[in-house]
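Enquirer: Sequences listed follow chains A and B, in order. The opening position of the first sequence corresponds to residue 1 in this note's numbering, with each subsequent residue numbered one higher. The opening position of the second sequence corresponds to residue 1 in this note's numbering, with each subsequent residue numbered one higher.
In short, the hints are calculated from the structure, not lab data. Careful: at least some of the hints might be erroneous.
Chain A is faced by these chain B residues, among others (derived, beta-carbon under 8 Å) [claimed, not checked]:
#, residue
1, I6
2, N9
3, I29
4, G46
5, P57
6, E73
7, L74
8, T76
9, A78
Here are the computed distance ranges between Cβ atoms for each label pair [as the list claims (entries may be wrong)]:
#, chain 1, residue 1, chain 2, residue 2, range
10, B, G53, A, A134, 14 to 22 Å
11, B, E67, A, G136, 25 to 33 Å
12, B, G53, A, E8, 49 to 57 Å
This one's a predicted model, so the numbers in the text were calculated from it and none came from an experiment. All C-beta atoms, glycine included, are put in the ideal place defined by N, C-alpha and C.
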Amino acid sequence: MENNEVTELDVNTDPFVVAGRTLSSRLILGTGGATSLSTLERALTISGTELTTVAIRHFSAAGAGNVYELLQRNNVIALPNTAGCFTARDAILTAQLAREALATDWIKLEVIADEHTLLPDPLELYSATEQLVADGFNVFAYTNDDPALAQRLQDAGVAAIMPAGAPIGSGLGILNPHNISTIVARAQVPVILDAGVGTASDAALAMELGCDAVLLASAVTRAHNAPLMAAAMRDAVRAGRAARLAGRIPRRDTALASSPSEGMMQTLVGEF
Amino acid sequence: MTSINITFNSQQVQVQTGTSLREFVSTQIGKDLDAESRAVDGSKLGVAAAVNGGVIPRSAWNATVLENGYSVELVTAAQGG
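Here chain A stands alone, though its shape is the one from the complex (with noise of 0.2 Å):
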């Protein structure tokens, strides 16, 4: 952003559009993982989000909607997901009855190859996203850090592409950075890191590699403090954002002074 004059970035100077909505917060939150549902409110109006994961599930009437009913009190827009789901199939009967369920085309699909890593089957998560985009879905694909299947994602016509940056729940990080920055530097679509975030830098770092958002659960709903990490991540995600845009300094080998060495009183010059 070469323009000196912005110096706070909001909704105004720069919005966030994802499948034709213009969203104010670059953080996105889970809701899975929450001790309790009124910790989970507390997190997510501090975090400032418009927008949260739902997964779908059987309905009881003993818990009768209480997590839908939370989000249409605090305005925040359900993301419904298809956690659990292992093949195409599934993940296309759960994304049909999310719709149906909260009138939204809106879905972050998830197509899991295993247990024990909780990564994405390639192959069936490309099959649903060609399905779904033909039925008329915004998918919102959670994928691997992989350039080559994050393009394939692009042109089968995803409303964003969400990579891992480390396996669900693991709080690594970003493994691997570079892949990050190459799924970026070719995207359409909005990029939006989903996964992996252990704590705030993560999630700043996302940003300064130049995601667009920023998806999160269990860094924020798993903490000692989940509402006091929820500002955290509020904040990282505005600051990595704002760092990207203000553009960082090359890296360099060598050290490179930053005060001046013109005017330097003579006696001490000699010294050196």
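Given the structure of chain A, go ahead and fit chain B onto it with the hints provided.
Expert: Only chain B this time, still in chain A's reference frame:
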């Protein structure tokens, strides 16, 4: 009154013969539904239904009559992701 057996969210349950999906969902969620399966009180339902593995749009709930051996799944948003 005769009854039939269906599988509802992985549990075996009995319902009266001739029960529509609209009537069944209405009982489960505790809300009165009109003929188009909208909540009479104007609230959003936040649920979706599948019968035998296929999604049934809300507009078709009234015309979908449950039969013996059917599998009904009713889902909603839950914490996750």
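Enquirer: All hints are to be evaluated individually against the structure, with a verdict given for each.
Expert: Hint check results:
{"no.": "1", "hint": "I6", "verdict": "violated, 14 Å"}
{"no.": "2", "hint": "N9", "verdict": "holds, 4 Å"}
{"no.": "3", "hint": "I29", "verdict": "holds, 7 Å"}
{"no.": "4", "hint": "G46", "verdict": "holds, 4 Å"}
{"no.": "5", "hint": "P57", "verdict": "holds, 6 Å"}
{"no.": "6", "hint": "E73", "verdict": "holds, 7 Å"}
{"no.": "7", "hint": "L74", "verdict": "holds, 4 Å"}
{"no.": "8", "hint": "T76", "verdict": "holds, 5 Å"}
{"no.": "9", "hint": "A78", "verdict": "holds, 4 Å"}
{"no.": "10", "hint": "B:G53 - A:A134: 14 to 22 Å", "verdict": "holds, 20 Å"}
{"no.": "11", "hint": "B:E67 - A:G136: 25 to 33 Å", "verdict": "holds, 31 Å"}
{"no.": "12", "hint": "B:G53 - A:E8: 49 to 57 Å", "verdict": "holds, 52 Å"}
Hint check: a violation occurs at hint 1 only; the rest are consistent with the structure.
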